[in-house]
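**Student:** What follows is each chain in one-letter form.
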Amino acid sequence: MTWLTWRQHRKQFLFAIIGLAVLAAVLVPTGRSQYRAFDGSGLAACLRTMGETIDYRLADTDCHEPLERFSAEYSGDFAPAVLLIFLPLLVGLFFGAPMVAREVERGTHRLVWTQGTTRLRWAVTKFGLVGAGALLLAAAYAALASWWLYPIAVAHAGRFDYLAFDVQGIAPVGYTVFTVALGTFAGTVWQKVLPAMALTLVGFVGARVAVELARPNFLPPVERRFPVVAYTFPNPMLSDWILDRNVYDASGQVIVPGGDVFCDPPCPEYDPAAYNVHLYQPAGRFWLFQFIEAGLFVALAASLLALAVYRVRRRIA
Amino acid sequence: MSTAFETNGLGKRYGRTWALRDCSLRVPAGRIAALVGPNGAGKSTLLHLVVGLLRPDAGTVQVLGETPAANRALLDRVGFVAQDAPLYRDFTATDLLTMCGKLNRRWDAALARERLGHLRIPFDRPVGKLSGGQRAQVALTLALAKRPELLLLDEPVAGLDPLARREFLQTLMGSVAEEGTTVVLSSHLLGDLERVCDYLILLQAAHVQVLGSVDDLLAGHRVLIGPRRAEAKVPGSVVHASHTDKQSTLLVRTNGQPIHDPAWTVHSVTLEDLVLAYLADASAGALPGPVGIEVTR
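Chains A and B, in that order, give the protein sequences.
Position 115, counted from 1, in the first sequence is what the working numbering calls 115; the numbers after and before it change by one each time, with no gaps.
Position 70, counted from 1, in the second sequence is what the working numbering calls 387; the numbers after and before it change by one each time, with no gaps.
Chain B with its partners taken away, still in its complex shape (with noise of 0.2 Å):
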């Protein structure tokens, strides 16, 4: 399978404060990705340093096979919608088409026009005079006229009411659902990716601590249910573990492991419960092991 990015010891540091450190991941082509973490994790800083915003400080980082910083040719195939969808509020959704069609040389003009058309997103009012929702609309309009082979988004939905979320992200899955477009969308909140994402990176203080496909994520990990014991013994790992008076439960990454203790009872994990187990204890990681490419220094 081809991969859309990969990053190899990936870190930025602002003045001694490491923003993203030892960030080893790979993103196939052609996924959904959450890209999941508390403020501060370093989200945005790893979309920068992917969309080439920012240079990095240690490792490595390839853009659909090519090194993003300065690197004109690959931003005519990376659409980028930056932390609250910004635009030149004074300018027209008329103006900033013809902006874009004229900076990008891959630009599909009667796409923009149809979609921004379609959601019935006024061509002639400023867009500072638009809706949050709207305005978001317009960003990802643009970025999406470029036929990108990768999206990626930057808290996209993080401004808007429940409402307008749903319908973002209903939009954008249907954009992209033709084209094949690799897709990263940033969060803090899982509820509103869970549904359409089907890959996982998890940031926490600066680091990756989960990855992966949403499906092999929900198979290497069960809920046990099971009497209160101090020292559990199951195969695989315990994430985290909460106890009441009677009971234990505990979100274990079995691998696939069958759990045969007839004292548990095992549930399946949701995506939210597991992100969440993983917030919790950040020493707690759930990786693939190295990948890729050697670092090169």
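For reference, chain A alone in the conformation it holds in the complex (with noise of 0.2 Å):
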């Protein structure tokens, strides 16, 4: 079986090392360039030392200057970070949704499962190594994608953010092991290649919108309370993922929604007892979240294995 599996899919398999070699030849010269002006320009220096708060009567503790001097360079394009996103889909299309499907398709499974062999040691073999392989890819892209995004997400958004996220440490791991066995099983559901690619399409989106809008609930989030008018606020270059904020009066009133507000007293615009309400889910949280996530996606891969092996063994002849 595992011979068979190598044969069947080494082609596979050898497009895909392709792949990430192309990417790599992409991301490892821009970001090492990257890396030199993160470097060249004192931010990784100063995010290292920085401190939980800021305060405006110290010279620069929010790295305001090397920032500007990284952000010359690099303006926190993004854009092959959306790319990135649709790696597990590919794996998911080329490696999963063909996986039972096109033996239907092509009648192979007849030849197959009536070898002396079970359909469940061809099930769990071929599902296993394919599985396994589709996830050294992921791992690899996956470490490179980390890598790459890291300076940019630190200066920026941060790493909490969406779409940076998504395309860092394990999550994508967790993705692309969910979109495989998503295929496999839509494969057995229905049983031509193409079908089977569309329901894994469709599948895939559905199932990352849902999570991305659970996301910020897998933990309850923390509430800090800090004064509009005041020298020292909360770091903004911490990487903290805020889901909500705004301004309160005295009485509890909002008066900035949607926005926080830093003023140097004396501050005549707002009363001394207003103060910032940040609901955040703390930067400290990043990997707890992505073992969430990934743990998420790989339970519900581990389900639509089971159950593409159940379809196997009773449903398909």
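These are computed hints drawn from the structure, not numbers from a lab.
A couple of the hints might just be wrong.
What the hints assert, rightly or not - Okay, the calculated bits of chain A under chain B, using three or more residues with CB under 8 Å as the criterion:
no.	segment
1	99-108
2	113-120
3	194-200
4	306-317
Think of the CB as a built atom: it goes at the ideal place given N, C-alpha and C, for glycine as much as any other residue.
The task is to assemble the complex, starting from two chains supplied on their own in separate frames and drawing on the hints.
**Tutor:** Structure (structure tokens):
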């Protein structure tokens, strides 16, 4: 079975390796120059030493100047990251969807399932090996993307932001395993390659959007209050994921919805009792959220694969 | 005589439609059985149930004394070539032999290579580039190299030209003759199988209509030709009657009773006449009575 799986999928795997090499050829040089600017501008060193709060009476506690220098070279262009979002989908479409669908479409399941092996063994070996291949591939591009994106992400919206979160860490590995499982399952339901691919596409988008909407509530957000009129404020460069921000007056009325205000004393425009409220997920929860996200998708993948194995054993002939 | 496979009240349903219903039959070991019936009669369904690709919705099926579903030990002993002889088209013959060698515990690699070599089938070309006849031969070779006790072939010659059909069946018979392998060949045309088969299973509209050894069936039926009569009194039962203005031609199941009425000229039947007569009338049937094991529910 191992030999057969390798013989059937070696071409796909080779193409995937070529694709990965092309990706690396783009990301490695651009990443290196990004890191040169990141270090050269002093931003990297500044971010390492900055505190929880900034103080406007002290010089540059929010890394403003190195950030200006870095941004002059890298304006926070996330466009390539949008493409990275779709890598798990590509793997799912081309590794997952044809896994069962192509066999049934061409009738070869009747050849292989009538040899001296069980369908359970066939399914477990094939799904397992192709899945493991996809997982390695995903680990490779996730590592590459995490490394590449890090400077831009911390310099701008933060690693927790939509788009940045989705292409870094272990989340893309979870998405990939999920999409391969989804494709495999889709192929056992609609036993033709193209419709199975279409189901995979729809399922991927649906699951990703649903989890994206749920993510802010993986854990209850933390609330912080701080005065508008002050010299010190929470450091905005910490990569906290701020879900909601409002400014209240002393009586608890919202005076600036959806924003925050910092004002050096003396500040005639604002009541000294006015305060900001942030609802946020602290930057320190980044990896915890990565594990929750990846775990969720891996659990979905496991259920889909179990269903796919059931359908292979009982529902297809 | 031992049994190659036996079904009892076997049924398979797709949604609300029964593809095969109340199918009870027994094929003795060592036979070359023709599984005949119009398209959609349930031939493939029956073969898939026997080889364990499908699980029954009703009744039982016993193959070489075992239940076929998810039975790896049995799959070692049964060779199967599905309709259209599916193969991985980008695999070479060598790849396919390697694959089957790895998947089967009972595998005669020498036999497979020798057979393909003898048929002059190239080993190193993707099988997708071979002719239909060659592909069918490769598929048959893969099944034969398991040295199966039971070989099931689903419309093996359907896509082949007449010469390739004859060659395919000849090489098949050459291969199974020594081993005493039981073979079941399905076809919607009897013509292909008539020369090689000694057992007949006729399916029509999801039911078994005729079952038995070809010799017994031929001995048990006669064609009677005589002057036209509205109600013919003949021993046995009339399977099919056709009339012209002057004469009637009856195909009669005599069960060996002699015909004494001098008005009739008695002829023996060919297998093809017999099959066509039964196919023309779905209500007629020739079954050897209840078979074998009790149905357990």
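**Student:** Hint by hint, note whether the structure agrees.
**Tutor:** Checked hints:
1. 99-108: n = 3 at 8 Å, threshold three: holds.
2. 113-120: As far as the segment 113-120 of chain A goes, the hint holds, because 8 residues have Cβ atoms under 8 Å from chain B.
3. 194-200: violated (count 0)
4. 306-317: Holds: 3 residues of the segment 306-317 of chain A have a Cβ under 8 Å from chain B.
In the structure shown, a violation is registered for the earlier hint numbered 3 alone.
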